[in-house]
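Hey, can you work out the whole structure from these sequences and the hints?
From first to last, the protein sequence lines stand for chains W and B. 1 is the number of the first residue of the first sequence in our numbering; add one for each residue after it. 1 is the number of the first residue of the second sequence in our numbering; add one for each residue after it.
Wrong hints could be hidden among the right ones.
Heads up, simulated DMTMM-like pairs for lysine to aspartate or glutamate below, C-alpha to C-alpha not over 20 Å straight-line [stated by the list, open to error]: (1) W:138 <-> B:95; (2) W:91 <-> B:115; (3) W:91 <-> B:132; (4) B:137 <-> W:82; (5) W:83 <-> W:67; (6) W:46 <-> B:132; (7) B:106 <-> W:50; (8) W:91 <-> W:70; (9) B:119 <-> W:98; (10) B:89 <-> W:77; (11) W:127 <-> B:142; (12) B:137 <-> W:77; (13) W:127 <-> W:98.
Hints listed in this document are in silico derivations from the structure and should not be mistaken for laboratory results. Computed from a predicted model, the values in this text were never measured in an experiment.
For reference, the chains in residue letters:
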Amino acid sequence: MRLTLRALISHGRVARKMGLGPESRINLLRNLLTGLVRHERIETGKARADEVRFYAEKLIDYAKKGDTDEKAMKLADFWLTEKDLIPKLFKVLAVRFENQTGGYTNMARLPNRENLDRAAMAVLEYKGNPFPPLYPVKRVSELNLVNQLLKGYREEKAQMATEKKDS
Amino acid sequence: MTVLGLLQFLGRSLHRLELRLAQAAGFDSLGPALAVNGPSVLPQPHHSSNEENSQPSFMDSIFWMAAPKKRRTIEVNRCRRRNPNKMIKVKYNIEPCVECGNMKLKHTLCGFCYEKISKETTNIRRQISVMEGGPLKAPAVESVVLYDSEKPSDADQGKRIVERNRKRPYWFSL
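Right, dumping it as structure tokens:
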């Protein structure tokens, strides 16, 4: 016998509750998405960044259909509250991600906010933005002591191999 | 037990308190202050005594509240205060950042390195706002950041160039 209402069990529900209700949640996410399209990198709470990510990638998928597409233009008009970003979305972001099928955004967790609330923060960015990268590019320097020793060892080995061949 | 009974009890106790205060001060509560002194205790109205007898300790007993019976010993207190669920949990996921050597959590970006990146980003954004000149003027072209004595390359054709008046930081490679 069913003892609880289906409404009280949230198995498989993907959308988080945010703000004052579903409409408020969409408004919050819309503001975040507008900010993301304008600045290409934003810092927010971890849950909000995770929610916006889905909408950010869907928006790019629709923008790839081109600005002549009715539905794409309607969605862009709804989601971007600042209308000078609509040309940017279609001409810059859609073009940048032409050759990719998904994964247009990067999300990384940050240390908790310094305020009293110690909120878990995250940074969300579109890939290919002009700012410094979040993850440092790994550079292997040849001038390390260890790398110099290894280089010497490899050269010696090569030398011995050629001597053996000659003799 | 009823609300009415409780209110009646409170009323009566207040009445009793008032009479006792008046007797202590020497006032005759039932007569004006300038009248002739009569007997200090005037006859009480009869209905109050009847009600007190009919419900003896019923109403008064309702005023028992929960209170600790015994002092908690320091041993019991220590057990409660030092219980693992009240102690701060030890973190085992701290490691040094590869770039700067400050401590960071494994699943998080390094705070120090991110602070550097964030400051540079704000400087770049300040330069962009100067270039744009006002709000809501985002151009529909890509941007590229060039530092001192850097020339735009072939890949930067058709992009908006954001100039920064400093040499390129070592952690911001092309």
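**Prompt:** Looking back at the hints listed earlier, which ones does the structure fail to meet?
**Reply:** 2, 6, 9 and 10
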